[in-house]
Amino acid sequence: MAQVSIRVNGRVRKGDVEPRLLLAHFLREHLNLTGTHVGCDTSQCGACTVLIDGRSAKSCTIFAVQADGCDVTTIEGLARDGQLHPLQEGFWEEHGLQCGYCTPGMIMSAVDLLNDNPTPSERDIREGIAGNFCRCTGYQHIVNAIQYAANKAARK
Amino acid sequence: MVTPVLPKLVGQRVKRREDPRLIQGRGTYVDDIKIAGMQHLAFKRSDVAHGRIRAIDTRAAEAMEGVEAVFTGAQIAELLAPMPIGTSFPSPPHRALAVDVVRYGGEPVAVVVARDRYVARDAADAIAIDYEILPAVVDPELAMTGKPAILHPEFENNVALPPLPNGTGVSRDGKTVDDSAIDKAFAEAEVVISQRMVNHRVVPNTMEPRGVVAHYEPGKESMTIWSSTQAPHILKTMIAAMTGLGQHQVRAIAPEVGGGFGAKINIYGEDYVAAAISKRLGIPVKWVEDRSEAFVATTHGRDLIAYVDLAAKRDGRVLGLKMRLIADVGAYNMLLTAAIPTLTMMMASATYDIPAIRATLTEVFTNKTPTDAYRGAGRPEATYFVERAMDMLARELKMDPADVRRKNFIRPDKFPFTTQTGAVYDSGNYEAALDRALEAANWKQLKGARDAARAEGRLVGLGLSMYVEVCGFGPSSGMATGGWEHAQVTVERDGRITAVTGVSPHGQGNETTFAQMLADQFGVPLEHITIHHGDTAVVKQGIGTFGSRSQAVGGTALHLAGARVKAKMARFAAELLEAHEEDLVFESGTIFVRGAPAAAKTFAEVAAYAYVPVPLPEGLEPGLSEEAFFEPSNMTYPFGCHIAMLEIDRETGEPRLLKFVAVDDAGNLINPLIVEGQIHGGLAQGIGQALIEETVYDQSGQLLTGSFLDYALPRATDFPRFELHNTVTPTPLNPFGAKGIGEAGTLGSTPAVVCAAVDALSELGVKHIDMMLRPEKLWRIIGTPPAPAHGGRA
Chain Z
2 MAQVSIRVNG
12 RVRKGDVEPR
22 LLLAHFLREH
32 LNLTGTHVGC
42 DTSQCGACTV
52 LIDGRSAKSC
62 TIFAVQADGC
72 DVTTIEGLAR
82 DGQLHPLQEG
92 FWEEHGLQCG
102 YCTPGMIMSA
112 VDLLNDNPTP
122 SERDIREGIA
132 GNFCRCTGYQ
142 HIVNAIQYAA
152 NKAARK
Chain L
229 MVTPVLPKLV
239 GQRVKRREDP
249 RLIQGRGTYV
259 DDIKIAGMQH
269 LAFKRSDVAH
279 GRIRAIDTRA
289 AEAMEGVEAV
299 FTGAQIAELL
309 APMPIGTSFP
319 SPPHRALAVD
329 VVRYGGEPVA
339 VVVARDRYVA
349 RDAADAIAID
359 YEILPAVVDP
369 ELAMTGKPAI
379 LHPEFENNVA
389 LPPLPNGTGV
399 SRDGKTVDDS
409 AIDKAFAEAE
419 VVISQRMVNH
429 RVVPNTMEPR
439 GVVAHYEPGK
449 ESMTIWSSTQ
459 APHILKTMIA
469 AMTGLGQHQV
479 RAIAPEVGGG
489 FGAKINIYGE
499 DYVAAAISKR
509 LGIPVKWVED
519 RSEAFVATTH
529 GRDLIAYVDL
539 AAKRDGRVLG
549 LKMRLIADVG
559 AYNMLLTAAI
569 PTLTMMMASA
579 TYDIPAIRAT
589 LTEVFTNKTP
599 TDAYRGAGRP
609 EATYFVERAM
619 DMLARELKMD
629 PADVRRKNFI
639 RPDKFPFTTQ
649 TGAVYDSGNY
659 EAALDRALEA
669 ANWKQLKGAR
679 DAARAEGRLV
689 GLGLSMYVEV
699 CGFGPSSGMA
709 TGGWEHAQVT
719 VERDGRITAV
729 TGVSPHGQGN
739 ETTFAQMLAD
749 QFGVPLEHIT
759 IHHGDTAVVK
769 QGIGTFGSRS
779 QAVGGTALHL
789 AGARVKAKMA
799 RFAAELLEAH
809 EEDLVFESGT
819 IFVRGAPAAA
829 KTFAEVAAYA
839 YVPVPLPEGL
849 EPGLSEEAFF
859 EPSNMTYPFG
869 CHIAMLEIDR
879 ETGEPRLLKF
889 VAVDDAGNLI
899 NPLIVEGQIH
909 GGLAQGIGQA
919 LIEETVYDQS
929 GQLLTGSFLD
939 YALPRATDFP
949 RFELHNTVTP
959 TPLNPFGAKG
969 IGEAGTLGST
979 PAVVCAAVDA
989 LSELGVKHID
999 MMLRPEKLWR
1009 IIGTPPAPAH
1019 GGRA
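Protein chains in written order, with this note's numbering: chain Z, 2 to 157; chain L, 229 to 1022.
Simulated from the structure, these hints should not be mistaken for laboratory data. What you are looking at is a predicted structure, and each value in this text was computed from that prediction instead of being measured. By construction, the Cβ of each residue, glycine as well, lies at the ideal position given by its N, Cα and C atoms. Treat the hints loosely; a few may be bogus.
Stated by the list, open to error - Computed footprint of chain L on chain Z, listed as stretches where at least three residues anywhere in the stretch have a Cβ under 8 Å from a Cβ of chain L: (1) 44 to 56; (2) 75 to 81; (3) 97 to 105; (4) 138 to 151.
One chain only, chain Z, in its complex shape (with noise of 0.2 Å):
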């Protein structure tokens, strides 16, 4: 056993974990934050998506252990004094969800995307979620979601 200490959604929270725990595991099994999806075992879906010190992680590549000391945010810690994100916005309301199931890992990494680019073009939006698959949506109205962010920022 390992002990770690994590920083989740601006908590420190600590655990005894197996050094092959993926993270994860760790944040759903140890820290019940089930809004973390797991949708592979290769890291192709993209369903676990988390911010790593602020960039975007697939939580299945990544055992606890490697993220001890590091600042993790899940789709849990996304919306700031029972404000949505605007991204959770845009997924809102440019229906940019069906099953649900991709829509967190789909929503963080995005969040990373338009950290990277805030004014990105749909060729942009669409190679920023190639790392996440979508079954349901098409994808379309995942990247009308991500403009509706977007520009809602450019507003400000």
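Given chain Z, put chain L in place with the hints provided.
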């Protein structure tokens, strides 16, 4: 009292009520469920496609710390009856866990119960199985020769279903066959198109893999089972039957379900095994599929070969169609496996008035994962075969592909129209959809653009496909489960409305669309309505969500239940207002006598009286809760026209979709925003099959595309922006005139893309290409085009 369907929220782009929880990570999927004392299952699966089990050694697994129990197939067979199916077709014996013989790679053989999923996986890996490896067969046409393998000795030559005829001259029971009409059609033909086509196997790949939590409580003698399912009531029925419990002792819950696409209708061996183990050990158990496991353990879709012959006059008029189908159903029949390809036969007439049709279907066992429903389930296959044949006819006759179709449409005044294969189309205006698509795509200009690109040496093509879909399954005569749907509507004591529906949405947004309907029906705000689904303890009866039936069947049941409550509420309100119920108006959460809104009673006031009825009006029972079962008289038949423009890179063979225009007619729409989402998703799966997705087995039966590393699931970069348009032809079969849209996108899109690719390569003499359109396959065709005299290549 007649309840008009007023166009208030119905027809509006209302934002989904499901979304706030899902965008904040607050949905509860099966894997999010935790119960004190819960143990975890892991399955040991066959790593050979066909083999006889000589020995299973579970000692190392049992000795591991944290392992509660290990069960082999033989031990599970003592707890569970053989796997049931949901059709009347002949079916070989099938055990939830294989007992003597494994027949596909990934078939479960043993199961571990352990403290957590890591330990369970370790222990499953530690189980040693000695197989006598048997020859495997993966090609259905080879399998039909009985070589090199026989899967089930009672099915000669691996034929699961001997040739079953349908169409002109075939009696209803399929026992007598008169060939004269179909022979005459081909004798009179001036041109005959003949082509073997393959509609290849795809993997459904819901983003949430399957999962189950089974919790048998010995003290209560009752079972609660959570499963990622499209049909919790079917699950409840089957779990009860398989575990020896009564249906009154089983509660099935579909919590948040992360996609289904048909693959989560089936009740799987893992569901039964989890229930049986929970009952045996008296503890809750959970199993969640890994993705790589899902590739072999969850049913696949499609996998049909068709030999198509189309007889026509030189003016483009179709005289007859022969379609000989061979369905590769994989190793076993699952719940609906055998029935799915019969829908391909049924839809052989497509949108055309074809005077003579002969379809025959043979189903074949191979050493592959079983097939079952996948979005569209039989209808996309029919659409693909017929539309490709129509396209080949147009090319042969040098006609515009739109013109040859127009020449053969079923005319709008001929509905309801009974096809030669027995489908009764409710309503349609195919020419209107075609014209709308040609106009929206600017067909003439598009052809000019294509020709200009070709003049530059580019390989650009246009493809067009009509489709007609079957939705709203369906009368009980065609469904072993019953084809109705159930609903209950309650006006609570405070005037708010709780409704339950027997359909079980998993992304379709029925919590929103059904609330829109009820809001209009009762004249109350959307926020005053809650829709419950998916829990058999709350939803007394139901069938589930599949076959694009939620709105046409489930929505209608809800509307009927709502009308009953509203009528009763009007009687209570009439007492309070000293008026006749026919004179009452329901508006903005109040009820008043027409012309006298000032004296309105609120819903809360009327409900308070209904639940404490002093005095109780004569002939009324207290309370405001009613239910309804709706049995549809037939299925509905939405339709449309899809157009694709595609370019193939001459150097690399890589196809790129430049433009996609879809016209869909689903009748009246409840929520156009949600409808668009459904169409987009269907298009992505249909285009994905044509361009991106392929399921590849090697000759030994190993699945080579067994993970997301190998199986190409479409990404956002694979699609252009879809251009959506619609026409509106309501169905006469339900009060909303709504037909259904869940699966339609997969029908026209696949042939439209393939037609465009063939058009792009037509200068090379290509007449047909089998999917999927791998760059390497196209590159080889570009490098060595077929000799003009020989025509098409596969």
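Can you take a look at whether the region 75 to 81 of chain Z is actually covered by chain L? Rule is 3+ residues, C-beta closer than 8 Å. holds (count 5)
When I compare C-beta atoms, does the region 44 to 56 of chain Z have three or more residues closer than 8 Å to chain L? Held - the region 44 to 56 of chain Z has 3 residues with a Cβ nearer than 8 Å to chain L, which meets the minimum of three.
Can you take a look at whether the region 97 to 105 of chain Z is actually covered by chain L? Rule is 3+ residues, C-beta closer than 8 Å. holds (count 8)
So is the region 138 to 151 of chain Z in contact with chain L by the C-beta rule, three or more residues under 8 Å, or is the coverage claim wrong? holds (count 7)
Checked against the numbered hints listed earlier, the structure breaks none of them; every hint is satisfied.
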